[in-house]
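*Asks:* The chain contents come next:
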Amino acid sequence: MTHPDPTPALQMTAVRKVYPMGDSEVVALDHATLTVGADEIVALVGPSGSGKTTLCTIAGGILSPTAGQVVVGGRDITGYSSKQLTEFRRTTVGFVFQSVNLIPFLTARENLLVVDEMGRRTGAAARRRADQLLGELDLSDRAGNLPSQLSGGQRQRVAIGRALMNEPTLVLFDEPTSALDTALGDQVMALIRHEMKSRGTAAIVVTHDERILHYADRVVHITDGRLDA
Amino acid sequence: MRLALRELFRRPGRFLTAGAILTLLATLVMLFGGILDGLLDNSTAGVRAQRGDALVFSAQAKESFLRSRIDRSLRARIEAVPGVARTGGIGIVQLGARLPDAGPRDLVDTVLFGYEVAPQGLPDTPPADGEVIADDTLRDQGVERGMVLRLGPARSPVTVIGFVEQTNYLGQGALWGSPTTWRTVLTANRPDEILPADTFQSLVVVGEPSGPGGLAAAIDAATAGATRTLTVEAAADALPGVKEQRATFGQIINTIVFVALVVVGLFFALLTVERMGLYGVLKAIGASSRTLFAGLVVQAAVVTISACVIAGALAVLVDVTVPAGSLPFAISAGRFATSTVTLLVAAIAGCAFSLRRVLRVDPASAIGGSL
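Those protein sequences? They're chains A and B, same order as listed. Numbering-wise (numbering that gives the first Met the number 0), the first sequence opens with residue 0 and increments by one. Numbering-wise (numbering that gives the first Met the number 0), the second sequence opens with residue 0 and increments by one.
Think of the hints as simulated: they come from the structure by calculation, not from any bench. In this text the structure is predicted, and so the values were computed from the model without any measurement. Do not rely on the hints blindly, as some may be mistaken.
[As the list claims (entries may be wrong)] With beta-carbon atoms standing in for the labels, derived distance ranges:
no., chain 1, residue 1, chain 2, residue 2, range
1, A, Asp-22, B, Arg-1, 43 to 51 angstroms
2, B, Ala-348, A, Asp-216, 48 to 56 angstroms
3, B, Val-261, A, Gly-143, 16 to 24 angstroms
4, A, Gly-122, B, Asn-253, 56 to 64 angstroms
5, A, Asp-22, B, Pro-11, 36 to 44 angstroms
6, A, Ser-147, B, Val-261, 49 to 57 angstroms
7, A, Gln-186, B, Phe-257, 55 to 63 angstroms
Where is the CB? At the ideal position from N, CA and C, for every residue including glycine.
Isolated chain A, as found in the complex:
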């Protein structure tokens, strides 16, 4: 068990995001303030168009806020340039996408290693880490398989492994169980909780699935861009 860093994984303070739309503006996030502890798992729940995407893209360094402050793992990324945000995403956050989005022509192991290839390569260290993660995710015997040769649950586990390759401070999960049946969804959420807690890594899990909320330490609701803890 890793002792969690006292520095919060995420501190969003009065974050506002406004999209121009013709002559008017759409407020996607309205003075959102959220703190996620170093090994905390937060479930983010809300209807479509409530601002979940915007919150996660800002927390993950994909978008910059119109106003407010975003600090991830002690790094204030509020004013980061596009280049700095790219480097930030490569080194500090992990993403698990709803449609898994593994690279179809790479094996499971190579899908993990691709994270290392995006930046300054660490070579052998990355290969060791990929093998270790595949082992922990019970995928060692599937390391050489292409995504098309894996089951839905196995693909989801590979995606989790990819998100953990860069030893992130924060992992963002987008509907991780939406394509899985109840039993498999439970297994995946249990695995996510285990992996996050054993590493002291924080996670935001976006979900519509009420049945998995108990795997989170805290549930945060979002409506019309406003957070309601």
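Chain B: place on chain A using the hints.
*Replies:* Below, chain B without anything else, positioned relative to chain A:
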């Protein structure tokens, strides 16, 4: 970059169409280039073979050997120019050659050179009077060592004592002999072109460049404009038809290269549209636009180089299988390299069409609207 290469090698079928079209275009580029080189070799090799730094013609000759005259006094003024180390007279006469046992109208096009400074591949001392060294291509016309050729209407006899490669002139098989041989044949067959003793048609000059404009300018200044001096390359380019051949084939090749650019541009633009989702994911996990675009360029480069290698092999096959003398064709490492680099530049330029799309890929698209 490794990602791009893996995709290329694991999904080769995806690049097959572009690869096949590029192979066809690269083959055309190399075939046309080979024909151009063959034509130029056949036209200019005799001039390019000159081992000198400049060729001097009389000013009114418009760089034509046939019209040019360099007499003894003019030669003396040229030799007095600082930097001129050595000069050698050149004379030519174009005549039909009769081979033994051939019919009276069965002529082989030849050009007889008389030389003082040996061109590449020829002995420093010209053959004895009445003897010549023939260009290798004349073998295809039936010329053999020891054969007596009878030149022109006067049927002036010359004996072939050997062969030399790459010395033809304006598509005619070159014969290389002494100045006396040339003068004797010229006098016998072209009474209207008889030259005084010690007068040549041109001079090859060996020397060091000196002063502004180099050796050529110094010579033309010293002769007060009585001469027109060119580098060997420029003299070859000044031969009739050479510029036209080069321009015509150059335009054909440039058109094919442009088509290759468009093919690569369209293909990779379509591929980029197909990959928007994948690029979104890669950007979300930390790939820069530069990394993604570099991958695209690497794929275009590998496809293009592969196409050029196949095209090069086909060009060599053409060179080997086409009967000698039937098609002026010469494939060289230089032509292969030039064609490959040109097509590579076109392919990379074609990829530039996709740059804007790659830059505009939004990593948020990987997350979608479900959050």
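*Asks:* Take the hints in turn and mark each one as holding or not.
*Replies:* Cross-check of the supplied hints:
no.: 1; hint: Asp-22(A) - Arg-1(B): 43 to 51 angstroms; in the structure: holds, 47 angstroms
no.: 2; hint: Ala-348(B) - Asp-216(A): 48 to 56 angstroms; in the structure: holds, 54 angstroms
no.: 3; hint: Val-261(B) - Gly-143(A): 16 to 24 angstroms; in the structure: violated, 40 angstroms
no.: 4; hint: Gly-122(A) - Asn-253(B): 56 to 64 angstroms; in the structure: violated, 44 angstroms
no.: 5; hint: Asp-22(A) - Pro-11(B): 36 to 44 angstroms; in the structure: violated, 51 angstroms
no.: 6; hint: Ser-147(A) - Val-261(B): 49 to 57 angstroms; in the structure: violated, 34 angstroms
no.: 7; hint: Gln-186(A) - Phe-257(B): 55 to 63 angstroms; in the structure: holds, 57 angstroms
Violated hints, listed in ascending order, are 3, 4, 5, 6; each of the other numbered hints is respected by the structure.
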